[in-house]
Every structure is written in C-alpha cells, then in structure tokens.
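> Residue-level listing of the chains:
There are 2 protein chains.
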Amino acid sequence: MFHELGSCGYGQAMSNPPSPTLLSHFQAQLGPRGYTSDPRDLEPWLTDWRGRVHGRAAALLSPATVEEVQAIVRAAAEAGVALVPQGGNSSMVAGAVPPADGTALLLSLRRMRAIRSISGEDNVAIVEAGVILSDLHDAAEAAGRRFPLSLAAKGTATIGGLVSTNAGGTQVLRFGTMRALLLGIEAVLPSGEIFDGLTALRKDNRGYDLRQLLCGAEGTLGVVTAASLRLVPAIGSRTVAWVGVDEAPSALALLRRLEARLGEAIESFEIVPAAGVDLVLRHIEGTRAPLASTHRWNVLIEATAPQGAPAPDLETALAEAIEAGLVADATIAASEAQAEALWKLRETMSEAERIDGVAAKHDVVVPVSLMPELLEKGSERVEARFPGVRVLAFGHLGDGNVHFNVRAPEGADDRAWLAADGPAVSAFVHDLVGEMGGSLSAEHGIGQTKRAEFARTASPARLHALTAIKRALDPLGIMNPGKLIP
Amino acid sequence: MFHELGSCGYGQAMSNPPSPTLLSHFQAQLGPRGYTSDPRDLEPWLTDWRGRVHGRAAALLSPATVEEVQAIVRAAAEAGVALVPQGGNSSMVAGAVPPADGTALLLSLRRMRAIRSISGEDNVAIVEAGVILSDLHDAAEAAGRRFPLSLAAKGTATIGGLVSTNAGGTQVLRFGTMRALLLGIEAVLPSGEIFDGLTALRKDNRGYDLRQLLCGAEGTLGVVTAASLRLVPAIGSRTVAWVGVDEAPSALALLRRLEARLGEAIESFEIVPAAGVDLVLRHIEGTRAPLASTHRWNVLIEATAPQGAPAPDLETALAEAIEAGLVADATIAASEAQAEALWKLRETMSEAERIDGVAAKHDVVVPVSLMPELLEKGSERVEARFPGVRVLAFGHLGDGNVHFNVRAPEGADDRAWLAADGPAVSAFVHDLVGEMGGSLSAEHGIGQTKRAEFARTASPARLHALTAIKRALDPLGIMNPGKLIP
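Protein chains in written order, with my numbering: chain Y, 121 to 606; chain A, 121 to 606.
Looking at chain Y on its own, in the form it has when it is part of the complex (with noise of 0.2 Å):
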C-alpha cells in the first residue's frame, strides 16, 4: 500500500547541486559570520569524528536564528538543494557527513548557542541547538539542577544533535535516553513551517508525537532548533566504585542485588574487559590502573544521592557482595579527583581504541538478562567465525548496551582487513544480537554507515512505515540525504 505513494511522484528524490544564484543568496543573508565557502573553514566538518567518511559540500551555512533557519529551509525547498544539518559532528554513523557528490549544503546548528531559560521552579531548561552538553551541565548546576545525560563528546556534542539521535549514554539506566528527558521542542520542519512545540509541560497529548518523532530522525525530518528538557535535582553527594569480577553474569548479579539496596540511587553501571582497561592504560596519558590485579571484567558504578540526603553506602553494599563471592575486588573513589580517573577510563575507552586502530564496532543491544551472554559466548562465537580477531566488548550493562568491537587480527593490515571482513564481521555480529532479540542500534543511530545492515535486517513493515513517513514530510527528500532512511 505504502508503495502507492511512490506511483504520485514523491520516490526518494534526488535534490539538485546549489546554484551560483543560491549560494549568492544564502551569502547575502547571512553575512560573513553565517555564511563560508572557504574551503578551509569547511574541511573540518566533512569528516566524521572516527575519519573514515568524507563528504563534500558548496557551503556552510550557519544561521544564527530559527528565522533564519526556516529562510535557508524555504529557499533550499524551492530550488530541491538538499540540507545537512550539524551540531558537534560527533556522531559515530557519519550521521552528519554530506554526500560525496556536494550537491548538498551544510547546515551547522552551532550559533545556535543561547540558553533560552532555566526554571528550577518547573525543573525545565529551553536550550537551543547549538548548545553544547558540557555548557549545559554547567548552567543547570549554575542554577542548582541538574541535566542528566551525559557522554564521552560532552564537550563537542550539541544538544540538536542529542536529540536528533536520541543520545544514551551513562545515566540511562536511572534517567532514559534523551526521549525520555525531551519535553518540547522547536524545528523547521522541511515545509518551512516553524513547528513551535517547546512548551515545558509534563503531559501533553495533541496528537501523534511530534517531538518524539523528530527525537532520533537524525535530521531527516527536519531541523531541531531549539528544546525544552527535563531537570532533576542536584546531586548532593555522588560515590563511585570500580569493581572487578571474574564472570560477566557476575557483573548482571551485582547490578540486581545494588538495585535492590539501594535503589534508583545507581546512576551508572559500565563493564569494561580487561583488554578494554589494557588499552586505555596504553594510549591515554595520565591513567593508571584502579586494582592491584588483573580482572577478566571491570565495572563502573556510579551511585548518588540528593542534596540533604544521606550519601548511599555502596562500601557495604560492595563488601556484602565481595563476601558472596560476586565481587573479586573493589575500589571506591575517595576523592573527585579519583572518581574523575575511574570515570576518565571508562570515557576514552574509544578514543583509546580509535588510538590502538581500526576495529568493526557496533552499538548493539539485547535484553539485559541476555547481556552477560553476549559478552562471553558471543565475543567466543565471533572470535570462533572469524579466526584471530580480536572482541573487545564494553559499555552499558544497565541498559543492555555493548559496544561490540571486533578488531583486526594481530599484525594486519587494519584498513585493508576492515575493508575485506568488516562487512561479513559486521553481518554476522548484528545476526546474532537479533536472534537475542536485540537491535543493531542502541544509541548511535543508524547514519550512514548502518543504512545497508539497517535495511538489511530491518522488517517490512518498518521499512515501509519509514519511508512512507519520510515521503509525507520530506517529499522533496531535501533533509539529510543518505542518512537512516535505505
């Protein structure tokens, strides 16, 4: 039925290159600080974050208001030039990288940068989207809250782009990702419509979503200009712990018996391999290791407490479980100075690896329950299938999450390796997370480099679903060409 619509002329279309007209037009609005085509100035967005996918493009465009959003969105509409919009470029499925064909034209969000408001009184920020996640914890602290989202590019990721892919990242097993902390939120849709949702109210039920549709469309849909997002009170106090353990279900255990303690005050629980800490300790200045021994698997816990709260007793809780037999050792942070070392480990963890060389990865999750088992016997399966590779499996135990990494076999050549079994690596990795009823994408997107496996293994009636809804609201398929949608 969804293929009907195809029949009416709104297929995938193919925009045009910008016209010498066009461009002279986007320079003329938005002045020398809103518009460049220096090549210079462009180069550093038109690779991704990892440098494995170069785009081109005429233009960068950085308009420094939702007007003058939606002026370039109308103008790119009417000539059928497709838009790229960019926050940080931080993403990790070139989700923000423009066509090899430069027949599209960034948009960068980054002047965006005004913190409209803080209510601590209605727990609401309304930030726009060239804020940067960093800027915004500090204003939120600033204002005796707290924005509860955090990642490894806080400091380069913005929040249009947080939202435009749903960011995870450390707190989700206690506060969601970004869609469960996104109360309203501001875009050009591709119409050139402004839609005005940034209201900061708890409930609102007007309808199809909206907000969570846009949330995770990886700016195909639109573009995210601004949001209103959910604070939480300030932590009073916060204690971290890094534990190793032996068996990974060792690790899924531990979780269970902390939750039942002390309940939502777990904030973070990250597993860590020990070839994962080995990296990190290699290639990142200024770490060390927290336990006086080797562990086959480390945990990173993070539980807090509010202000006036006593702070919760992780130290008994952890020398229960060392008691048990769940826990091999543990450390708990004395100061903020070591809890931001525990923390720093587990925070690099990619860069050291980006460091260490090239590497299959995949952001794939399963049912929690299943986690410690894909962990073990599905690093032993892959490692098995695909003889000297090495599986270097971290990340999010809470939420079922693992940055499953398969890298080169000793003394390869990486690239070539990558180039030669990536795909079959890749292929095989995401057919086993989906026999575990698992998904292919837990918090990176799907981008660029996902699409083929996406549409590969996606069903149907979601792909059909997709890009029917595509259609409908992009039917000049103006926002974000190549991304998500096959």
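Everything labelled a hint here was simulated from the structure, so no lab data went into it.
Predicted model only: the values in this text are computed from it and were never measured.
Keep in mind that a hint or two might mislead.
Output of the computed footprint for chain A on chain Y, the stretches with three or more beta carbons under 8 Å from beta carbons of chain A [claimed, not checked]: (1) 235-243; (2) 312-324; (3) 376-390; (4) 536-545; (5) 557-563.
Glycine included, C-beta positions come from ideal geometry on N, C-alpha and C.
Given chain Y, work out where chain A should sit, using these hints.
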C-alpha cells in the same frame, strides 16, 4: 507543501459501509465468539463512558490473535471499510465510539488478554492489548514487581487503550506517562502489515520511533495488539497522607519542599478543592471527611519506598510544613484500609461529578509553576466571564495537569446549558490555558469531543504534519475515522 499530497488523491477518504458479503466473511472467519451483530451485544460499546456520544455499527469483531486482527484489517482495507479499535471504552473524549453513520465496524481487542511474559530479571512485561490494567498490576505484583501506572478506570481500561492514548494517571510525577513505560509495541498497520516491535530493550535507535508514534495516536494509525512494558521494583512500604492547605501556591511550595526532603519517594501529589470533597462525600457511598475542618484545597500525597528500604518520613516533613505555615492540617493513613479510603476520595471524583450533573470538562495542563494561578485566578476569570457557573478544578499538581470542569449555574437545566454555553466556556478555558503555554489535552487525548477545539487552537505546522502522517500511513482513512485528525 503538505497539501500537494491531496492533489494526488490521498485526501481524507470516505470509507464505505460494510457489505453483507464482508459481514458474512467476518462471521465465518471469527466464529460466534469473535463476531456479533446482535444489537444487544453491541449496545454497551456504542456510547462513551460519560454517556454523551452515541455511535452505530453493523457488527462487533473480537479477534483472539494478532493474525486475526491482521486478516480483519486486510479485508477491511480491501473493502474500504473503516474500523474503530476499542479496549475498555473508558475514553473521556469518546475516542472509541464509532461514527453515528454506522459505516464503521467495532474492533474489540478485549479477547486478546494474554500476559505473554513477565521477566523480573529484565523488569519487562509483555502483554496483549486486551489485558485490563488492574490484572497487569496483580500479575506484576505476583512476580515481585510493579507496573507503575494507575488511574481511576483501572478495572476496565485495557493496555491497548492506555498505550493508544498515552495514558497518565496518578504516578506520572515519578514514572512518567505510558510513553515513558513503553519499551516495545506490536501493531497491525493500516496496510495490514504486522509491526513486530515487541522488544524488551532499554535502548533502540533504529530510525523513527514507531512505538512512540503509535502511542497517543488513538488508533488512527493502526491497531495496537500488544506492548512490552517497563516494570519497577515492588513497593516495600507506602505512606498516604491527606493535607489541608488554604491557598493553592502553598500546595506547590509543599511539593517542592517534600521533593527536596524525600527525593523520588513522592509518587503522587493530587490536589482537590473543598467543593470536590463535598461532591464525593455526598454521592459516593462509604466515604467520610478525612480532616476535622474544611480547607480550600486538599492534597493527597503518596510516598513509597522499595522493599528493604526504610519508609520515607513523610510525617516529620509534614510536621515541619505545618510549623512553617504551609499546611493547615494533615492526617496520615495508619493502615492500608485508611490509605485506600483516602485514595477513594480522589478516584471517585469524576464519578461523583457525573452523578451530580453535567459539566463542561477540560483536561488541561500548564507548566507546574503556573498551576496555582490556573487553579485560583483561572477559576475566578471563568466564573467572572460566565456568571453563575461553578468551576471544579482538581488534578495532578505535580504534573501541572488540571481537570478543569465548569458546572452549570445552580438551578439551570444542565444539558440545555451545556449545549448552549459549553462551546464558549471551553473556548475560553482553552484560550486561557494556551496563554499560559499550556495544552488543551493533558492525558485524555483528542478523540471526538476535542477535535474542533484542537483544530481551532493548533498551529498550522502541527496540523499539516499530523495530516501528512495520517495520509501516509492510512491513505484509505480506515483507522478510527472521525477521531483526532481534524
């Protein structure tokens, strides 16, 4: 741009009346338990809960499996016949009542009432659409867990309806609406395809979130047949208090004070005016006033603690609030029976109001900080504009959600007044709420009864996007016609 779609012939389609052949087909397919055209069987399902909207239908289809639902949707699509999905028919906006012209068929999900699985380890329940909310409560409790969404209609409302309307209730303050508890969904799309999104995943970023799109779509984009839902640890102890305050701002100040003091222990914070308590005491058997004297505003508070954790010290916190002059009087339930009795005062309020007479009802929401203003000044403005009317405003203070009901002047013919003045009253209330940055539907949805006001107040961008999505996924217009989409 969206309107161009119409020129392609995908306008709001008029559906066909069911032919005798189609009815015979369904009768043969579904058998006597799954098909009836007996007016006595149909009668209870043709009128809304409030008894104000009446529809007609030639037959009631009651499939027992998702495959039967699929077969029904396919046959209906082929014949161009509309379907009205129905759960417990407890909609407050006549969202499940068929059109008066009798062209649509009723599609009851009530036979699909299997609880497919409950996993304590994953904290997930997978349940079919026809499961009644209180049955899910019981099943989760038996598994040592809790499904933390509850509302007055819990004995009749079904999971399918609760998902399709993004239901709220009395625990939104802590756990969010249904949307926040919805991990996965199974639905039959208008094309007849089964969308099998019944995952038990905490994260899943595979493109547009169809789960969130179907949640709150009121059956206009497909038939929800099952859902996977988040469970939380069982309650160890609960403390229920009834508090009298003299001014609405004191109630909000009390909430913020308790949150700072007891954190997430506060689950419910419901506000009720003196007149509301009066109505309940007058009309509902077995109720009695909880406090010795009458207070302008009353607050029902529930605080909980997980098993093994100490009970939240609501008593001390309330004693301090009395000393601080925020609270006039308070009582804490000393037993489960007393707690139930306090809750009964809140949960029977809609019932008491219905018995007392008709009212122009509004399920509105404003930012929490403006809730006291809406309750007090908002009520005054309505009573000043429409002399003689009596506003009864009560609801979920912690969510900013007010059931803002305007009752006819004393002695007036209720129904005549409602017909004559109701629309003007509603427009006035909705405009007032709109000025405050609020929404005309907090948790009841749009259904039939709010459709005109929704069309009047919604932005063109919102209406265009909704219409485009509806046309894209249901080009024949067979899913729950006459609801939501103006």
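> So, for every hint listed, does it hold in this structure?
Tested hints:
1. Requiring three or more residues with a Cβ within less than 8 Å of a Cβ of chain A, the coverage given for the segment 235-243 of chain Y holds, as 4 such residues are present.
2. Only residues whose beta carbon comes within less than 8 Å of a beta carbon in chain A count, and the segment 312-324 of chain Y has 12; three or more means the coverage holds.
3. Here the segment 376-390 of chain Y counts 6 residues with a CB under 8 Å from a CB of chain A, which clears the bar of 3, and the coverage holds.
4. With a threshold of 8 Å between beta carbons, the proposed coverage of the segment 536-545 of chain Y by chain A is violated, since 0 of its residues qualify and at least three are required.
5. For the segment 557-563 of chain Y, the stated coverage by chain A holds: 7 residues have a C-beta nearer than 8 Å to a C-beta of that chain, and at least 3 were required.
Hint 4 from the earlier list is the only one contradicted by this structure; the remaining hints agree with it.
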